[in-house]
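Asks: Sequence:
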Amino acid sequence: MNEPNQLRVAFLNTSMVVGGQERVLLDVVNGLNRKRFKPYVLLTKSPGPLASRFKKDVPIQHGLRKFKGDPCTLWRMWRWMRKHRPQIVFTFGAGDKLFYGRLAAAFAKVPVIISGLHSTPGPTHRGRSILGFWNKRLMPLNNAVVTVTGDLRDYLVENEGFAADLAHVIPNGVNCQDYRPRTYNPEIKKELDLPEKGPVAAIIAAVRPEKRHDIYIEAAARVTKKIPSARFLVIGDGPARQHFEELAQAHGVAQEVIFLGARHDIPELLSIVDTIVLPSTDVESAPICLLEALAAGVPQVASRIGGIPQIVADKETGFLVQAGRVEDIANHLLSIFTNSELKSRLSEASRKRALDLFSVEKMVRAHESLMENLFAGEQPKA
Numbered sequence: 007m008n009e010p011n012q013l014r015v016a017f018l019n020t021s022m023v024v025g026g027q028e029r030v031l032l033d034v035v036n037g038l039n040r041k042r043f044k045p046y047v048l049l050t051k052s053p054g055p056l057a058s059r060f061k062k063d064v065p066i067q068h069g070l071r072k073f074k075g076d077p078c079t080l081w082r083m084w085r086w087m088r089k090h091r092p093q094i095v096f097t098f099g100a101g102d103k104l105f106y107g108r109l110a111a112a113f114a115k116v117p118v119i120i121s122g123l124h125s126t127p128g129p130t131h132r133g134r135s136i137l138g139f140w141n142k143r144l145m146p147l148n149n150a151v152v153t154v155t156g157d158l159r160d161y162l163v164e165n166e167g168f169a170a171d172l173a174h175v176i177p178n179g180v181n182c183q184d185y186r187p188r189t190y191n192p193e194i195k196k197e198l199d200l201p202e203k204g205p206v207a208a209i210i211a212a213v214r215p216e217k218r219h220d221i222y223i224e225a226a227a228r229v230t231k232k233i234p235s236a237r238f239l240v241i242g243d244g245p246a247r248q249h250f251e252e253l254a255q256a257h258g259v260a261q262e263v264i265f266l267g268a269r270h271d272i273p274e275l276l277s278i279v280d281t282i283v284l285p286s287t288d289v290e291s292a293p294i295c296l297l298e299a300l301a302a303g304v305p306q307v308a309s310r311i312g313g314i315p316q317i318v319a320d321k322e323t324g325f326l327v328q329a330g331r332v333e334d335i336a337n338h339l340l341s342i343f344t345n346s347e348l349k350s351r352l353s354e355a356s357r358k359r360a361l362d363l364f365s366v367e368k369m370v371r372a373h374e375s376l377m378e379n380l381f382a383g384e385q386p387k388a
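Numbering (this note's numbering) for the sequence shown: 7 to 388.
Among the hints, erroneous ones may be present.
[Unchecked claim] Derived lysine-lysine pairs resembling DSBU-like cross-links, with alpha carbons at most 30 angstroms apart:
hint: 1; residue 1: K74; residue 2: K115
hint: 2; residue 1: K72; residue 2: K62
hint: 3; residue 1: K115; residue 2: K89
hint: 4; residue 1: K349; residue 2: K368
hint: 5; residue 1: K321; residue 2: K349
hint: 6; residue 1: K195; residue 2: K232
hint: 7; residue 1: K231; residue 2: K203
hint: 8; residue 1: K232; residue 2: K203
hint: 9; residue 1: K62; residue 2: K89
hint: 10; residue 1: K61; residue 2: K72
hint: 11; residue 1: K51; residue 2: K115
hint: 12; residue 1: K231; residue 2: K115
hint: 13; residue 1: K232; residue 2: K196
hint: 14; residue 1: K195; residue 2: K231
hint: 15; residue 1: K142; residue 2: K74
hint: 16; residue 1: K115; residue 2: K41
hint: 17; residue 1: K89; residue 2: K61
hint: 18; residue 1: K368; residue 2: K321
hint: 19; residue 1: K61; residue 2: K358
hint: 20; residue 1: K51; residue 2: K72
hint: 21; residue 1: K321; residue 2: K195
hint: 22; residue 1: K349; residue 2: K203
hint: 23; residue 1: K195; residue 2: K368
hint: 24; residue 1: K358; residue 2: K203
hint: 25; residue 1: K195; residue 2: K349
hint: 26; residue 1: K142; residue 2: K115
hint: 27; residue 1: K89; residue 2: K51
hint: 28; residue 1: K368; residue 2: K358
hint: 29; residue 1: K321; residue 2: K232
hint: 30; residue 1: K74; residue 2: K89
hint: 31; residue 1: K61; residue 2: K368
Since the hints were made in silico from the structure, they are not lab data.
When you get a sec, could you build the whole thing from the sequences and use the hints?
Replies: Okay, here's the thing in structure tokens:
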């Protein structure tokens with residue numbers, strides 16, 4: 007049952023796979039004030055593993071697109087909107103949900119249409135529209151667009167023709183309570199068969215070529231020559247896993263680089279990790295893994311691309327490196343592994359930065375404020 011003053015909001019995404027965009031959607035939907043908002047979730051494909059983590063009061067409709075180019079997708083969305091009459095439709099990401107979601111909302115006469123875009127184009131994508139021909143031309147349907155970094159907002163305004171006053175920046179947030187620093191637990195190292203005294207690095211990302219696990223593995227090979235007990239966790243799964251496992255073998259670090267696959271105990275794992283590494287060279291906006299590292303007080307070593315410099319404070323919470331510089335990554339890892347005073351300083355600053363700037367509460371309240379203002383007919387200052 008809806009309460010009289012609840013705003014009905016339909017959030018559209020492809021599927022609730024394990025990914026940064028999906029975790030943001032999960033946090034926003036679960037965090038909304040139920041006295042003011044009634045959220046629904048529409049998914050064009052299967053529910054995905056994260057769908058079960060929505061609160062029980064969140065209706066989920068999935069399978070709205072049966073196959074690529076399914077002409078009935080628009081009709082199914084329109085029919086759902088006509089039945090449930092959302093007052094706000096909020097699409098997450100580009101692609102099919104952006105195209106069909108906004109058209110269906112327009113045909114169903116939904117008062118407010120908002121789109122969240124989370125990916126900053128990298129060097130190999132510059133000059134090409136990240137929205138596609140039709141999605142770009144449907145932008146006049148939007149009351150607002152939400153981006154996660156100023157870098158992405160500027161790109162959309164300068165290259166995609168967005169109106170500057172409609173593009174709003176709401177940084178991603180992380181649950182700082184869930185990711186609070188934990189007491190070191192040696193049992194986790196035993197479970198993973200890690201050396202008790204050795205330092206640990208980790209990369210938390212889908213195992214896809216653009217995340218550049220190859221750079222991570224090369225850095226591991228350099229570090230382990232000087233610190234043989236160091237171990238390098240790969241947390242996440244993906245289509246390139248076998249390739250990178252073979253690459254670790256070729257570099258002679260098959261025992262030192264440990265592929266854990268997808269995990270749901272990231273806060274616990276972070277209690278044994280000395281630093282998080284993200285060596286991407288192309289596309290990154292506001293990686294959730296870096297926000298988790300901040301909240302857990304784990305120093306970061308990451309590429310200076312996209313929105314990463316807005317998360318990692320260079321030489322304060324961790325280190326930023328020129329994309330692709332294996333030697334620099336390895337040197338910073340050695341510094342953190344061998345200097346306990348440095349690690350402690352970076353750790354304390356990381357936790358403080360997460361609490362000050364990137365709490366999930368701040369992110370949710372910002373979404374609530376934007377939606378309420380737009381529904382009231384006000385355009386907040388972007």
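Asks: For each hint, tell me whether it holds in the structure or not.
Replies: A quick look at each hint next to the structure:
Between K74 and K115 the alpha-carbon distance is near 26 angstroms, which keeps this suggested pair within the 30 angstroms criterion. Using a Cα cut-off of 30 angstroms, the hinted pair K72 and K62 holds, with the two alpha carbons roughly 26 angstroms apart. Taken as a hint, the K115 and K89 pair is honoured in the structure, with Cα atoms around 12 angstroms apart against an allowance of 30 angstroms. Using a Cα cut-off of 30 angstroms, the hinted pair K349 and K368 holds, with the two alpha carbons roughly 27 angstroms apart.
Our distance criterion of 30 angstroms between C-alpha atoms is met by K321 and K349, whose separation comes to about 11 angstroms. This hinted pair checks out: K195 and K232 have alpha carbons roughly 21 angstroms apart, not beyond 30 angstroms. At roughly 16 angstroms between alpha-carbon atoms, K231 and K203 fall within 30 angstroms of each other, so this suggested pair holds. Of the pairs offered as hints, the one joining K232 and K203 holds, with about 15 angstroms between alpha carbons and a cut-off of 30 angstroms not exceeded.
For the given pair, K62 sits about 21 angstroms from K89 by alpha-carbon distance, which is consistent with the 30 angstroms threshold. With a C-alpha separation of about 26 angstroms, the suggested pairing of K61 with K72 holds against the 30 angstroms cut-off. For the hint pairing K51 with K115, the CA-to-CA distance comes to about 24 angstroms; that is within 30 angstroms, so the pair holds. For the suggested pair K231 and K115, the alpha carbons sit about 63 angstroms apart, so the restraint of at most 30 angstroms is broken.
This hinted pair checks out: K232 and K196 have alpha carbons roughly 23 angstroms apart, not beyond 30 angstroms. For the given pair, K195 sits about 21 angstroms from K231 by alpha-carbon distance, which is consistent with the 30 angstroms threshold. Restraint check for K142 and K74: the C-alpha separation of about 20 angstroms stays at or below 30 angstroms, so the hint holds. A hinted pair counts as satisfied when its Cα atoms are at most 30 angstroms apart, and K115 with K41 qualifies at roughly 24 angstroms.
At most 30 angstroms may separate the alpha-carbon atoms for a hinted pair to count; K89 and K61 meet this at roughly 22 angstroms. For the suggested pair K368 and K321, the alpha carbons sit about 25 angstroms apart, so the restraint of at most 30 angstroms is met. With a CA separation close to 29 angstroms, the supplied pair K61 and K358 stays within the 30 angstroms bound. With a CA separation close to 7 angstroms, the supplied pair K51 and K72 stays within the 30 angstroms bound.
This hinted pair checks out: K321 and K195 have alpha carbons roughly 28 angstroms apart, not beyond 30 angstroms. Restraint check for K349 and K203: the C-alpha separation of about 16 angstroms stays at or below 30 angstroms, so the hint holds. Between K195 and K368 the alpha-carbon distance is near 34 angstroms, which puts this suggested pair outside the 30 angstroms criterion. At most 30 angstroms may separate the alpha-carbon atoms for a hinted pair to count; K358 and K203 meet this at roughly 27 angstroms.
Of the pairs offered as hints, the one joining K195 and K349 holds, with about 19 angstroms between alpha carbons and a cut-off of 30 angstroms not exceeded. For the hint pairing K142 with K115, the CA-to-CA distance comes to about 20 angstroms; that is within 30 angstroms, so the pair holds. With a C-alpha separation of about 20 angstroms, the suggested pair K89 and K51 falls inside the 30 angstroms cut-off, and the hint holds. A distance of roughly 15 angstroms separates the Cα atoms of K368 and K358; the hinted pair therefore holds under the 30 angstroms criterion.
Using a Cα cut-off of 30 angstroms, the hinted pair K321 and K232 holds, with the two alpha carbons roughly 23 angstroms apart. Between K74 and K89 the CA atoms are separated by roughly 25 angstroms; this keeps the pair inside 30 angstroms, and the hint holds. As the CA atoms of K61 and K368 are separated by approximately 19 angstroms, the hinted pair is consistent with the 30 angstroms bound.
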